[in-house]
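**Q** If you want the building blocks of each chain, they are given just below.
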Amino acid sequence: MAQQAYFEDVEVGQQLPPIKITPDKQQLVKFAAGSGDFNPLHFDEKFPMLKPMGLTENIVHGRFKYAQVGRAVFAFAGYKGRVKRFGVSYRGMDLLNREITVGGVVTAKREENGEHLVDLDVWTEDAEGKKTTPGTAVVALPKRGS
Amino acid sequence: MPDTETAFQITDEMRAQIGIESEPWTYEVTTTSVRMYARGIGSEDPIHYDVDFAKQQGFRSIVAPLGYIGTPVYLPGSNDPTFGFPRRASGPHLNIPFKGLLDGGTETEYFDVICAGDVLEETSHLADLKLREGARPMLFITNESVYKDKATGKVVAKQRLTSIHM
Amino acid sequence: MTHQVFFEDVHEGDEIPQLRKNCSTQQLVLWAAASGDFYQIHYDKDFAQATGLKGLIVHGALKNAFLAQLLHDWIGEGGQVRRFGCSYRGMDEPGQDILCRGVVTKTYTRDGKHYVDLDVWTERPDGKRTSPGTATVTLPGRG
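Chains as they are written, first to last, in this note's numbering: chain E, 1 to 146; chain H, 1 to 166; chain U, 1 to 143.
Hints are supplied without guarantee of correctness; some may be wrong.
Straight-line alpha carbon distances no greater than 25 Å define the calculated BS3-like cross-link-like pairs of lysine-lysine that follow [to be verified]:
id	chain 1	residue 1	chain 2	residue 2
1	H	K130	E	K80
2	E	K80	H	K99
3	H	K55	E	K131
4	H	K55	E	K84
5	H	K55	E	K143
6	H	K99	E	K109
7	H	K148	H	K158
8	U	K54	U	K21
9	E	K51	U	K45
10	U	K21	E	K46
11	E	K46	H	K99
12	H	K99	E	K51
13	U	K54	E	K46
For the record, the hints were derived by calculation from the structure and aren't laboratory data.
Hey, can you work out the whole structure from these sequences and the hints?
**A** Given below as structure tokens:
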């Protein structure tokens with residue numbers, strides 16, 4: 001876990017440290033176990049639903065990518081920060097064994113009801129640089145000495 | 001394209017389903033389930049694994065990774081065998097003429113940190129219906145789940161899931 | 001399942017009701033989740049073949065669990081499994097029947113308890129016994 005971020009030190013335009021992950025089938029089977037989503041679309045290459053969807057390979061769970069965005073936001077907030085809200089849309093599919101990069105950038109800082117809030121744009125990006133999971137997040141950060 | 005699909009419109013009857021609340025369902029957040037979810041996302045942050053470490057950081061127990069709000073209690077015949085979500089008798093009912101289904105998006109709002117040991121009561125309702133017209137119309141259905149801590153009755157999180165039917 | 005079998009009705013050589021299984025890949029992934037055994041030979045065909053296997057195989061421990069279910073279903077509420085075990089002598093594939101069977105080998109009463117020893121096994125459609133084992137259960141007596 002990186003050092004705790006404080007509200008004063010965060011600047012608009014600041015990038016989140018990228019997280020890179022290349023999910024293989026075992027990773028997605030573990031995600032099925034953790035999430036309870038056992039859709040064979042994500043691990044069974046013979047699954048009959050692949051063809052009608054125009055797929056020849058298994059695809060990564062949208063919720064897996066959401067969770068990767070969550071990791072980046074959680075790491076940014078630190079243990080003393082609190083994530084107020086984070087959401088993404090699923091705009092493109094990712095295939096197994098391809099690198100996914102999670103990114104984020106600070107878009108605004110504000111105070112609301114005594115909380116020090118940071119707005120972020122967040123996303124996952126595929127190997128070609130396409131943002132397949134764009135979204136936003138709001139994080140409350142501590143102030144120094146508080 | 002069959003007429004039923006090209007002529008599809010959101011009816012008042014469908015709109016009337018918005019806000020109807022489902023019966024509650026229990027979701028459990030356990031040390032084992034938090035660790036499995038953390039392994040599932042490839043995180044090695046000890047805050048999701050080590051109870052003593054998490055307590056030293058001021059949390060009740062290990063912290064659920066963002067996006068994980070517990071696992072619905074599974075009762076054979078009552079839950080979907082693939083996705084695990086409860087199939088409830090009450091709540092909104094929509095007749096959707098489309099066969100295609102895509103996951104559109106996920107959004108979570110937090111009012112508290114979710115930790116192992118939490119037992120949550122979830123209710124869901126239809127929050128939004130949107131139709132994108134065109135050669136291939138797309139129906140966006142947004143369901144919102146509200147999670148309350150069973151011990152305190154406090155709302156701890158809300159999650160909105162959008163599915164795209166086409 | 002609520003029908004209770006009694007010690008007096010069980011004889012050496014009796015076969016207990018069979019249990020038929022047929023695992024989808026999804027079932028194997030559910031077992032991985034339940035057991036924590038995420039070895040890829042059970043759901044990743046390319047991985048399985050790279051290790052020299054013909055294709056995906058069913059977890060041995062899952063067949064062991066099926067034999068436990070076979071016994072559980074037979075003994076009813078009044079019975080108890082005292083011991084059971086099997087060895088893994090052959091492979092089963094997903095999508096292929098796995099027949100779980102058991103035959104009574106001995107019945108005896110000791111210290112007021114009614115014991116039944118059994119041979120148990122899983123069987124492939126070609127007749128090969130892939131997980132042979134033994135079990136001891138206790139059953140209630142009539143009256």
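**Q** Decide, hint by hint, whether the structure agrees.
**A** Going down the list of hints, with the structure as the test:
1. H:K130 / E:K80: Given pair H:K130, E:K80 is violated - Cα atoms ~38 Å apart, limit 25 Å.
2. E:K80 / H:K99: Between E:K80 and H:K99 the Cα gap is close to 45 Å, so the pair fails against 25 Å, i.e. violated.
3. H:K55 / E:K131: This hinted pair is violated, its Cα atoms lying about 37 Å apart.
4. H:K55 / E:K84: Holds - the C-alpha atoms of E:K84 and H:K55 are around 21 Å apart, at most 25 Å.
5. H:K55 / E:K143: OK: H:K55 and E:K143 at ~22 Å, within 25 Å.
6. H:K99 / E:K109: Between H:K99 and E:K109 the Cα gap is close to 43 Å, so the pair fails against 25 Å, i.e. violated.
7. H:K148 / H:K158: Cα-Cα ~9 Å, so holds.
8. U:K54 / U:K21: The given pair, whose Cα atoms are some 21 Å apart, holds under the 25 Å limit.
9. E:K51 / U:K45: 18 Å, holds
10. U:K21 / E:K46: 20 Å, holds
11. E:K46 / H:K99: This hinted pair holds, its Cα atoms lying about 21 Å apart.
12. H:K99 / E:K51: Roughly 14 Å separates the two Cα atoms, so the pair holds.
13. U:K54 / E:K46: The hint holds at about 16 Å.
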